[in-house]
Amino acid sequence: MFDVSILFASLLNGITTGAVYALIALGLTLIYGVLHIINFAHGASLMVALYGVYFLKEHAGIDPYLAFPVVVPAMFALGYGLQRGIINRASHGKDENILLVTLGLSIILENLALLFFKSDTRTIETAYTLTTVTLGPAMIALPKLVAFVGALVVSALLVWMMRSTDLGTAIRAVAKEKQGACLMGIDVDHVYAMCFGLGLACLGAAACFLLPAYYVNPMVGSGFVLVAFTIVVLGGMGSFEGAFVGGLLIGVVESLGGLYLGESLGQVGIFVIFIAVLLFRPQGLFGARA
Amino acid sequence: MTSRRQFIEHSTVAASALAFPLIGGAQPKTVKIGVLHPVTGALAYSGQQCREGALMAIEDINKSGGIKSLGGAPIEALLADAQSTPQAGAAEIEKLNEAGVSAVVGAFASAICLATTQAAAKYNLPHVVDVGVADQIVERGLKNTFRFGPGYKKCAEIAVANLHVLNTAAGKPARSVMIIHEESLFGTGTANLLSRELPGYGYDVKEVIKHANPTRDFNNIVLRMKQINPDIVIPANYYNEYALLVRTMQQQKVTPKAIYSVLGGAASSYKFVKEFPDAANGIIDCNHWFNPKDKRSLELKKRVEAKGLFFSYELFMTYTSMRLLADAIDRAKSTDRAAIIDALSKSTFSDHIMPYGPTQFVNGQNMGAQPLMTQVVKGDIKVIIPRDYREVEPIFPLKA
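Top line first, the protein sequences correspond to chains R and P. Under the numbering used here, the first residue of the first sequence is numbered 25, with each subsequent residue one higher. Under the numbering used here, the first residue of the second sequence is numbered 2, with each subsequent residue one higher.
If a hint is listed, it holds; no wrong ones were tucked in.
Lysine-lysine pairs mimicking DSS-like chemistry, simulated, CA-CA at most 27 Å apart:
hint, chain 1, residue 1, chain 2, residue 2
1, R, Lys142, P, Lys308
2, R, Lys81, P, Lys308
3, R, Lys81, P, Lys275
4, P, Lys303, R, Lys142
Computed Cβ-Cβ distance ranges for the label pairs, DEER-style:
hint, chain 1, residue 1, chain 2, residue 2, range
5, P, Asp61, R, Asp213, 55 to 61 Å
6, P, Lys173, R, Phe32, 31 to 37 Å
7, R, Leu136, P, Gly369, 42 to 48 Å
From the structure, some residues in chain P lie toward chain R, with a derived Cβ separation under 7 Å:
hint, residue
8, Ala45
9, Asn221
10, Gln228
11, Asn241
FYI, nobody ran anything at the bench for these hints, they're computed from the structure. Note that beta-carbon positions come from the ideal geometry of N, C-alpha and C, so glycine has one too.
Make the full structure from the sequences, and use the hints.
This is the structure in structure tokens:
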């Protein structure tokens, strides 16, 4: 049996890891949950953002947290451009085409990264990378704590945006009834692209929070993408609160599972919960019954 | 993923880049060699280092006159990508066979080597294993398979025996051990061997923890470590996970009496030492290592570093494996596969930078192959054991 202090530390570790999962899942929930675009390029996009943060730090000396105002708008622009310029055009409105286009994009992005940056795993050193904060009996890495707070703030902003702005209303309208929204004068293509842009902007934020304690290589995104899809479905498609709580839950389950069952088997917990939710609450934790 | 077109394209580029410039006379036929490594996927860093080693060896061989017994025929590399999976590795062997290679050098990871050597055996295609430490690779009676380096059994035995020597000399401060290993053939096999060997020397193996590739977070493992508080931590995993594990230990302020790696992915890596000098300091590793007293190894190291690369074990192991193969082809005086296999089995190749002595294959294993023990001291990697190759005195334990 584990010490209470060890359990507490593991719980804390799960919550803070979960917050970053949540941020990645929030981006996906905008794209997948609201617009029903299965974005296979989500992981690859996260990788692009991480490289962005890495190069800003290594070549311009910009701290990952200060890179926020550069990386987030840049990722937004990338998302907007990708959706309008490539995904929308190449998919001709068919879901199965979108699937293939985003899959293709992810392969292209990963291989471009391999070509230009090689497969080296890169990390950055900051003054606070190894700084720990003592919380009761546990020690938690400062970057993880910052990521947790950051993820909270970004999620709150997104919820506010969806509820209280014209864009949020337009996104909800398009999600509910595309044709109707179009008839009301909403530029559907623009809303789709905005959504995609915002989704990728979330990844930009996640990258800024992740890199001080993590690494980047061309394949780094794949580790997160399956977890993110799980969270979106677990939380309820298109629900921001759901994605956030789902993210934290998955983080904690993964952490405690890892502690009790070992790292390899620890992830089983995530999928056991996932299957249980699909069986007993298929609309997800926060999703409305269809 | 590497498509067939990419594969041919890469091969052509490599071939033209490495083509030996001939002055007059008929151009001797090239000797095609498959260079098969996981250059994409989870093991991409190691795979690319291996490939670089192979290409540098080919460059050197061709510059110094190619295969002399074949009229100076240059070696032509056909590059192949195992994509970090055994299946893709085996599929690449099929392509290389069709392309008419005389032999294959590869494929870094144990699990991949297991598949590629078997696939190559179907065509009696000679396969020199450059790293692949799992002993099953050379225990299946495959006539085409030759491993230049030591297997994990030998590495684990040497590591445990030397740990005992170090610990006894220091007054036996260490009694308990925790092993952390990656989940594929290499890590699991090494961990099994260690857990069997260590109790015989009086060590208590408190826990053996397996983790996936990639693992995103080592906090839980380090928390377990905190709870168990072992004297010695033994990691057996690949670069990324090794680096993350040691950094997490540093973060959680877990400082065992020694981090004692067996074939540790980053423990004797200049890249790791450069990037994380504090985390790397004092780490001991039992791993593939060059003879530090041989001037040629230091020259090769300089050349590699001039290219902006790290002189890692992957690189010099594949470099030397390729030279071993070229030596065998030269003695075979033929590109015929059976003749090369015969020449390899009788090889006494000694013109290399490894601390092995002349090659002697028994059932495909080079009997002279041995790992060296290194320790990170003041931002550099130095040999501590055996005495013949010692550069600095070992520091054990790290803390009293």
